[in-house]
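Starting from the given sequences, assemble the full structure and let the hints guide the process.
Protein chains: 2
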Amino acid sequence: MTHAPADADARMSPEALEAAFREVGNTRYHAHHPFHARLHNGELTKGQVQAWALNRYCYQAVIPRKDAALIARTDDAELRRHWRRRLADHDGDHAGDGGLARWLHLIRGLGLDPEIVRAQTLALPGVRFACEAYLRFVAERSLVEAVASSLTELFAPALISDRIAGMLRNYDFVDADTLVYFDARLNEAPRDAEAALSYVIRQAVTREQQDAAIAALSFKCDVLWAILDALDYAYVAPGNIPPGAFDPAASRAQLG
Amino acid sequence: MTHAPADADARMSPEALEAAFREVGNTRYHAHHPFHARLHNGELTKGQVQAWALNRYCYQAVIPRKDAALIARTDDAELRRHWRRRLADHDGDHAGDGGLARWLHLIRGLGLDPEIVRAQTLALPGVRFACEAYLRFVAERSLVEAVASSLTELFAPALISDRIAGMLRNYDFVDADTLVYFDARLNEAPRDAEAALSYVIRQAVTREQQDAAIAALSFKCDVLWAILDALDYAYVAPGNIPPGAFDPAASRAQLG
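Protein chains in written order, with the working numbering: chain H, 1 to 256; chain Y, 257 to 512.
Hint data in this document are derived by calculation from the structure and do not stem from the laboratory.
Watch out, some of these pointers could steer you wrong.
Chain Y stretches covered by chain H per the calculated footprint, using a threshold of three residues with CB under 8 Å from any CB of chain H [stated by the list, open to error]:
no.: 1; stretch: 308–320
no.: 2; stretch: 376–385
no.: 3; stretch: 477–487
no.: 4; stretch: 492–500
Residues of chain Y clear of chain H, computed beta-carbon distances all greater than 10 Å [claimed, not checked]:
no.: 5; residue: R284
no.: 6; residue: P290
no.: 7; residue: H350
no.: 8; residue: L442
Just so you know, even glycine gets a beta-carbon here, dropped at the ideal spot from N, CA and C.
Right under this line is the structure:
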């Protein structure tokens, strides 16, 4: 691992630990995945963008569950209070409010039936497996690893800004209202990421815990990357859609 | 679902249930995946075959764990005794014996270091997530669904026979000794599949349980398919290997 200093047993300084997290982001965050380049550069058809939104819904759906799983594990009321804001961000205060509802607004804007998407039955198995792995990681690993796995949010704002600009410029079937989910994330992600980073730097007090936190962030990058691998495989070259998954060409019959 | 009769609430006959399982196999079993055609037809390089064996090890490694998880869940001593044969098949009676050791024999025959493969750190995240999903399914779903998820073995012998013949014919770096794992499976799989099929037909006594059993087999096909999706994406076209995963071109440095 390139971040390891000469003495691999020595505790890293807060600055070195943060630098190690940022190095993971530079090399493994899904901003660098070729599918995102295609998405943002306007290389995809509407059906392919639908496939992305439908599958990414599985990830959105798991977020409030993994956040609740984290809250359920700690006696630290401050951490619980802090993390509860994430639940509120995603689930809102009433039906139709919050991030998950805004993702379904995107779904509707792309011409898909939200009920079909919500059922997740047409999602790629590989995407569902990756999202479940994330939920289980947060529920089962140490608390500092669970928090560290959220640190992909450190890298999210740049990606989201590129996405909004690229999709608005390149797709006539997308407008600012369709993409309102991402506007909210531009504010929420930095606030959450700073707090989570501060928590991990305080709580990872041994080199072993620091290495575990770095590995947790790397794992989370693997989850996001695997989601795009599955999308890029199934929906870019022809003939690769797995049996039973969403097929843009057959979507009228499948979704009816 | 094409197997559903006009009266979707009516219990299916044993023959209809078996036919429904076989229909799942005809449409979703990974024998039909394009990666298997490439593997058997000699279209892959040695490095690509190494990538297949290294990643498939994750699946092999999860099999005795999912079998033990199933045994742990039942008070039926007959089922436990029967299922224990699977544990013995995979783990053997001493170090170097059993299916897992035979898979590592294949690994060695392909020129890979068994210790590197056993650590699973170079495996594709998508493959690991799929294997973990299978383990959790068996540990968490109803017993009849857990048993039904093993019914892919009904379809294994034809695939294995094709594999042995194709790989021996098409790859000069493979011989009969390398492939000894598959010889044993040709005997074990039919014996296990018949017993599991008989169990599911006896225990799935409502239409709801029968439908759940069919869905369990379909889920298992999704697991196997997703493993090959990940391999086909990462290792057939250039430029798609995820960060940190096995790279045949760099394997000397990576494996050293």
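Outcome of the hint check:
| no. | hint | in the structure |
| --- | --- | --- |
| 1 | 308–320 | violated (count 0) |
| 2 | 376–385 | holds (count 5) |
| 3 | 477–487 | holds (count 7) |
| 4 | 492–500 | holds (count 6) |
| 5 | R284 | 5 Å, violated |
| 6 | P290 | 7 Å, violated |
| 7 | H350 | 32 Å, holds |
| 8 | L442 | 26 Å, holds |
Of the numbered hints stated above, those contradicted by the structure are hints 1, 5 and 6, listed in ascending order.
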